[in-house]
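Novice: Read off the chains here:
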Amino acid sequence: MQEDKSIRPVNITGWGKENLPYPEGAAYIECDELKCVGCGICQMACSMYHFGVINKDLARIQVRKYLLPLPKAVQVTCVQCPPQERECEKACPLKPAAVHFDRTSLHMVIDTERCLGEKCLRCREACSAKAIRIYPAISPKPFVCDLCDPENKGSRNPQCVSVCPYGALYFKSTMVRWSYSIHDVLRKHADEKAELIAKRLYPLKKTGVANPGWKL
Amino acid sequence: MSETRFNLLEVDLTRETSRVLDVTEDVKKYLGARGLANKLIWEQVPQGAAPLSPDNILHVGVGPTTGIIGDKTVLSFKSPLTGWAGRSTVSGYIGDEIVRAQYNAGILIKGRAKKPVYIYVYDDKVEIRDATDLWGKWKQETEFTIRDRLNNETGEVFGVLCIGPAGENLVRFANASTEFVHSASKWGCGAIMGSKNLKAIAVKGTRGPLYADHKRVWELFKTYALSPKTALEKVTRSRFGATASPPSLLRHAAEGIRNNHDNYDPIVERSNYLEHHLQYFAWTDGCPGCAASCEVPYFKNSERGAFGGEFRHDNVGGFNANIMVGYEEMAEIAPLENELGMDGEELGGIVAFAIDLYQNGIITREDLGGLELSWGSVEATCTLLKKIAYREGRAANALADGFRHAYKVFGENSVRYGFEVHGCAAPTYDVRNKQVGWGLMYGTSHNGARMGSGLDEALGEAITFCNFALPPFVQIWGSREEVARQFLNAVCGWNLTLNDVNDIKLRNYYFNRCVSLREGYHPAKDDYLPPRAFDEPVTDKYGTKWVWDKADWEQEKKRFYVERLKLTEAGLPPREGLKQLGLDFVIPVLEPMKAIG
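So the sequences go chain by chain: H and F.
So the number in the working numbering is just where the residue sits in the first sequence, counting from 1, plus 94.
So the number in the working numbering is just where the residue sits in the second sequence, counting from 1, plus 88.
Please keep in mind that the hints were generated in silico from the structure rather than gathered at the bench.
Take these hints with a grain of salt, some might be off.
Only pairs whose alpha carbons sit at most 27 Å apart, straight line, appear in this in silico DSS-like list of lysine-lysine [what the hints assert, rightly or not]:
| id | chain 1 | residue 1 | chain 2 | residue 2 |
| --- | --- | --- | --- | --- |
| 1 | F | K388 | H | K309 |
| 2 | F | K474 | H | K309 |
| 3 | F | K213 | H | K235 |
| 4 | H | K266 | H | K129 |
| 5 | F | K388 | H | K299 |
| 6 | H | K299 | H | K129 |
| 7 | H | K129 | F | K317 |
| 8 | F | K654 | F | K667 |
| 9 | F | K633 | F | K522 |
| 10 | H | K235 | H | K189 |
| 11 | H | K235 | F | K303 |
| 12 | H | K213 | F | K213 |
| 13 | H | K129 | F | K310 |
| 14 | F | K474 | H | K299 |
| 15 | F | K303 | H | K247 |
| 16 | F | K682 | F | K645 |
| 17 | F | K613 | F | K654 |
| 18 | F | K388 | H | K293 |
| 19 | H | K266 | F | K310 |
| 20 | F | K613 | F | K645 |
| 21 | H | K129 | F | K388 |
| 22 | H | K247 | F | K310 |
| 23 | F | K213 | H | K224 |
| 24 | F | K496 | F | K613 |
To give an idea of the interface, some chain F residues facing chain H are shown, with a C-beta separation under 7 Å as derived from the structure [stated by the list, open to error]:
| id | residue |
| --- | --- |
| 25 | F232 |
| 26 | V245 |
| 27 | E267 |
| 28 | W306 |
| 29 | A370 |
| 30 | T372 |
| 31 | G374 |
| 32 | P376 |
| 33 | A394 |
| 34 | G396 |
| 35 | P423 |
| 36 | L424 |
Don't be surprised by glycine CBs; every beta carbon is placed ideally from N, CA and C.
This is chain F alone, in the form it adopts within the complex:
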């Protein structure tokens, strides 16, 4: 059995060229997607490069199990929101298309196009095509138009990842999406595409995936697909999708109520996933290769109009009670978020922050171009979303650059109203809640306050596990690492041991942290929680009060660094660990920055 070869498609938008590189050796060391991207960013993005300059890269990464264990595409870049290592993950069939086109190490996009373009990939045909007529269009129209044109041209259904007006206008938390409902949202991936004048990427693959041992992959996969454990996962996911988690978190004070100020409030009860399901469920849809489809689009037709979309935790989670609305209102707001193309989680925090500032007189009606902001108003919220996406007016323009920039514009008094870590809104998984909240994870993240900076993701996002698809696999094979080992060996023709898998996991984690350290992140100055986490407690529906004590936080943080993240007590990667894992080349760079443990 021969080993799988890994192909990276490199597209240079400045030079208008493309080529295919063999990166098999790198994939052996780091796996694909986020693992490989660490190396690409480290080597190809100059230290301190402006994230929205042509020097930045965008790696549209797939990994060995894209299309088998869920269908994750991981987009990696230097984040315009934090300035550190950034990545966005997206589901949907575009990843499967990239794998089937045999670019199994993904697509690396460099430079900046002179005018709006989209990248067309049809197996070995790669073109940079004019997108002038698509620039300015909202997301759904963009995606539908490209798919329709390419279907007429080739008869094939292309996977299209595109940006909306927010990405074009370089909103620092703009996203890119595919199949309308799947968004690559975190840390500003849409702004990166916008800065490259790249409206969309359209991919169709018919050559078939490159697996070392198809028979073994199928054996493993069929075990999963036919397992009762998978069936159990399916019956929940396919019905409620991701609509079930926000109400639960709201009751446990792990999701914001009125800009994360309030204790439990009856407004929470208006985020009801059963009522939403019974009224508006359209059908279940899913990603290639996933037997537990979790994508549940809704269709709402009411006297206010017709709306279609899908609730994920990430596009409603930061909103809901945080701006004092429920699912009924969100069914009308969420599609607009997606059409404009912004990260809903960031936006939830930003909008609640803006309403709070307005109510407290820190920003004025003039700042908002005549808009009156109030809690619970669909109209006001939607108008603000549009203003942010188009950067209309002083306030919206500042908000479009994220919290750190907004504080500078709105002044010192505004800081108290922001509920953020690392300049990333943290309206959900409230950092004060020590059971289901993510204080420690957010507060120690080298990427910014989002899920995705831990060790599990360092492995999972390199092999491309989908966290929603993964549970039955873990139940069947015992652990994430064992799932990784089984599938990697079958897909790649390797002979990995569990130790090898653990090494890859730690290597990728350290490397990602090192990229951020090189770009200015340092735990000593950046690992914090917002002041409100220490002096503004919240009480959940069941009477538990959540707040951090300063001394506890410092102690818990150290413990988390050492036990969970395998770092030193100062939150830095240990020198010996870096050497053992073959990352010694980072030491000379990080040493002068005092960023090595």
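Bound-form chain H, shown alone:
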């Protein structure tokens, strides 16, 4: 790892997650799908922080609602993949890639000046979680989770984690024990995660809430 580990939080108050220390070095937001209730307050915080408006579709973190057949919400966001796993960066047609991991500020960045925008989006295609977002009504350029350091100054302070009422989001160091290698495991599309959760309800099918039904 050549990443700068000297980054520390700058003027951060109200973190509210005292039992989980502020991560040192490279870090990512981990979604705890089974704790998520689908309130979408993370999305409100994200769009407010980055765009100054409450609009869940402008959020870098997404919460999708499923019927499995019971209702279940599943979140998805960028897990700040390690170099070997950075499919978005590899897919970018530009050299160096417009979407890349910034080694100083320790998070993914999209160079909007060079990015080819909505006509390309190969990064989004390559990401199995579809964690790269685009909202053409505001900008033709995509955006990705920057751990709430929009100016790329190294002052990461994920708003979604600090507002999540259920503690279903963790801001975790990638260097904690074995967690470094798990990004490609976590990097799943919400639909795929939902399919797995649905298995807990076997033998119910998504089209009915009783098995074998009410054969009366």
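We have chain H already, so just place chain F on it with the hints.
Specialist: This is chain F only, laid out in the frame that chain H set:
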């Protein structure tokens, strides 16, 4: 800071057209959802129109705080169960989608489609789509199929509100539901959709809510989301959801035992929310913008089969001990209620009534198509539910039209067995219990015996407060009115005072009562309690005996009209009040009906 503009999407199913109307001025006067709907019903539904005719409207209403203070969508219409002003409220993310599609005054549905359809709304794209292949399908399959198709088509997750077979068959207490577990149940909303040949409404919004001051809304909202008061609410709601209230009410004789006949009985102990939670809890789910998620679905896999669903007070409350079962049995019955699409509270009363009639020989096995009804039988109950939803046989067909119609079919002797007010079953919040029961509220309601006819709801259901989300807001800001004021000013860019908020509350309350008065409700003939409330006492687990004395009731009712409902002693809206609140246009209509105080 500019004021928020309010858009109403109008869909005419007869003409197959849609348009967007600017209703900002109306929203300033009445707010959205139920407040705006009073005006829509008053102006657009002809006086005396049959509720299931194309003349009736369905307003799928959202309000300024939908998606911030809970996520309530309020559906308003003229009720097929009572014939008066009706409304059903539903949680779930469909309201948030409507707001994000920027139809922040809701969707107004008029007319009747020629064949089964569903309404598709994707931001500014509005279509009336064929639903012939979905007609007849149960609820879960309907909702899942539509969501799946639209997800394949657009990649988006749509909010879908749909009806089941009961709505299609115009059962007068049919409901509509979303995310399977959230139901718009009261006063027959599903039958209204069925009468319009409308199987479902599917909405996706990506344009974002229209707030005057996003920053201020976020400040207020974040104060709520991060408050310890909210955290406290969360830890209870997220664990037990709404399963905790029925056992408590049962112990206080505020919920029926054997068709509201019996005193405390050990059967009550079988409605145990901790046992239910430990065995069957699946996970906690919630609505957009709510930090105290109260939706707790369960999954039961036993030798009898696998069942999934969610207990709300409204889908188990009227059942439980009222048909002599506990949560174990309800875990299998409640999903069927939801699949068929009927209001559980009404159904609880209706099923208990039917069993009682059968046991007392007033209806026969032939009337029930060979079905033998008995207390505590899951099989018999489920079979009866299906018969009611499909209107199979003489008895079930009569029951599907509610108490008032059933009395006519079953004869004078059956009246004694009904525990209802205004033709609406009242199995829960037993009217005899003067502490936790709702005798006065039910007995003076101009909508029918359900919660939702008081002054608080007149404000709350116009701004769209969710009563389950609201408590921390009230603790933080002091009162419902102050919460309303703070959020309305931030969302709408207004400058309301507390007096303004109180005026809106009273205006909406009077107006809703006036709609019912116009449609035939009158307190002199309709505000009553069932005879059993006066001559059949119940004793709760703790030995307290509950019953009404006739003279007490009359006196308390008058006091309730004046003190709680700001009406005259006769239960009518006062003329001066109507004039002051800008509702003088109702006076010429109601004057000849002797419905003005």
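Novice: Hints first: check each against the structure and report whether it holds.
Specialist: Going through the hints against the structure:
Distance check on the hinted pair: K388/F and K309/H sit about 17 Å apart at the alpha-carbon level, within 27 Å; holds. In summary, the hint linking K474/F to K309/H is supported, as the alpha carbons are separated by about 11 Å, within the 27 Å threshold. Between K213/F and K235/H the CA atoms are separated by roughly 24 Å; this keeps the pair inside 27 Å, and the hint holds. Of the pairs offered as hints, the one joining K266/H and K129/H holds, with about 16 Å between alpha carbons and a cut-off of 27 Å not exceeded.
Straight-line distance between C-alpha atoms of K388/F and K299/H comes to about 14 Å, which keeps the hinted pair within the 27 Å bound. As the CA atoms of K299/H and K129/H are separated by approximately 22 Å, the hinted pair is consistent with the 27 Å bound. In summary, the hint linking K129/H to K317/F is supported, as the alpha carbons are separated by about 20 Å, within the 27 Å threshold. A distance of roughly 14 Å separates the Cα atoms of K654/F and K667/F; the hinted pair therefore holds under the 27 Å criterion.
For the given pair, K633/F sits about 10 Å from K522/F by alpha-carbon distance, which is consistent with the 27 Å threshold. For the hint pairing K235/H with K189/H, the CA-to-CA distance comes to about 17 Å; that is within 27 Å, so the pair holds. Our distance criterion of 27 Å between C-alpha atoms is met by K235/H and K303/F, whose separation comes to about 24 Å. The suggested pairing of K213/H with K213/F holds, with an alpha-carbon distance near 23 Å, which does not exceed 27 Å.
Between K129/H and K310/F the CA atoms are separated by roughly 20 Å; this keeps the pair inside 27 Å, and the hint holds. Taking the CA atoms of K474/F and K299/H, the gap is about 21 Å. The hint holds against a cut of 27 Å. Of the pairs offered as hints, the one joining K303/F and K247/H holds, with about 24 Å between alpha carbons and a cut-off of 27 Å not exceeded. With a C-alpha separation of about 19 Å, the suggested pair K682/F and K645/F falls inside the 27 Å cut-off, and the hint holds.
With a C-alpha separation of about 20 Å, the suggested pair K613/F and K654/F falls inside the 27 Å cut-off, and the hint holds. Between the alpha carbons of K388/F and K293/H the distance comes to roughly 14 Å, so the proposed pair stays at or under 27 Å and holds. Our distance criterion of 27 Å between C-alpha atoms is met by K266/H and K310/F, whose separation comes to about 23 Å. The suggested pairing of K613/F with K645/F holds, with an alpha-carbon distance near 13 Å, which does not exceed 27 Å.
In summary, the hint linking K129/H to K388/F is supported, as the alpha carbons are separated by about 20 Å, within the 27 Å threshold. For a cut-off of 27 Å, the pair hint linking K247/H to K310/F stands: about 25 Å separates their Cα positions. Distance hint between K213/F and K224/H is fulfilled; the C-alpha atoms sit about 25 Å from each other, no more than 27 Å. Our distance criterion of 27 Å between C-alpha atoms is met by K496/F and K613/F, whose separation comes to about 18 Å.
Hint on F232/F holds. Least Cβ distance to chain H is approximately 5 Å, under the 7 Å limit. Annotation: interface hint on V245/F holds; nearest CB of chain H at approximately 5 Å, less than 7 Å. At a threshold of 7 Å, the smallest CB-CB gap from E267/F to chain H is about 4 Å, leaving the interface hint in force. For W306/F, the interface hint holds, the least distance from its beta-carbon to any beta-carbon of chain H being 5 Å, beneath 7 Å.
Against a cut-off of 7 Å between C-beta atoms, the interface hint on A370/F holds, since the closest Cβ of chain H lies about 6 Å away. Interface restraint check: T372/F against chain H, minimum CB-CB distance 5 Å, threshold 7 Å, status holds. The closest approach between the C-beta of G374/F and any C-beta of chain H is roughly 4 Å, which is under the 7 Å cut-off, so the hint is satisfied. At about 5 Å, the closest approach between the beta carbon of P376/F and any beta carbon in chain H falls short of 7 Å, and the interface hint on this residue holds.
Residue-level restraint check for A394/F holds (minimum Cβ-Cβ distance to chain H is 4 Å; threshold 7 Å). A least Cβ separation of about 4 Å between G396/F and chain H falls short of the 7 Å threshold, and the interface hint therefore holds. Annotation: P423/F was flagged as interfacial toward chain H, and the flag holds, the nearest CB pair being 4 Å apart, inside 7 Å. Given the 7 Å rule on beta carbons, the hint for L424/F holds: about 5 Å separates it from the nearest Cβ of chain H.
Figure legend: structure checked against the earlier numbered hints; every hint is met.
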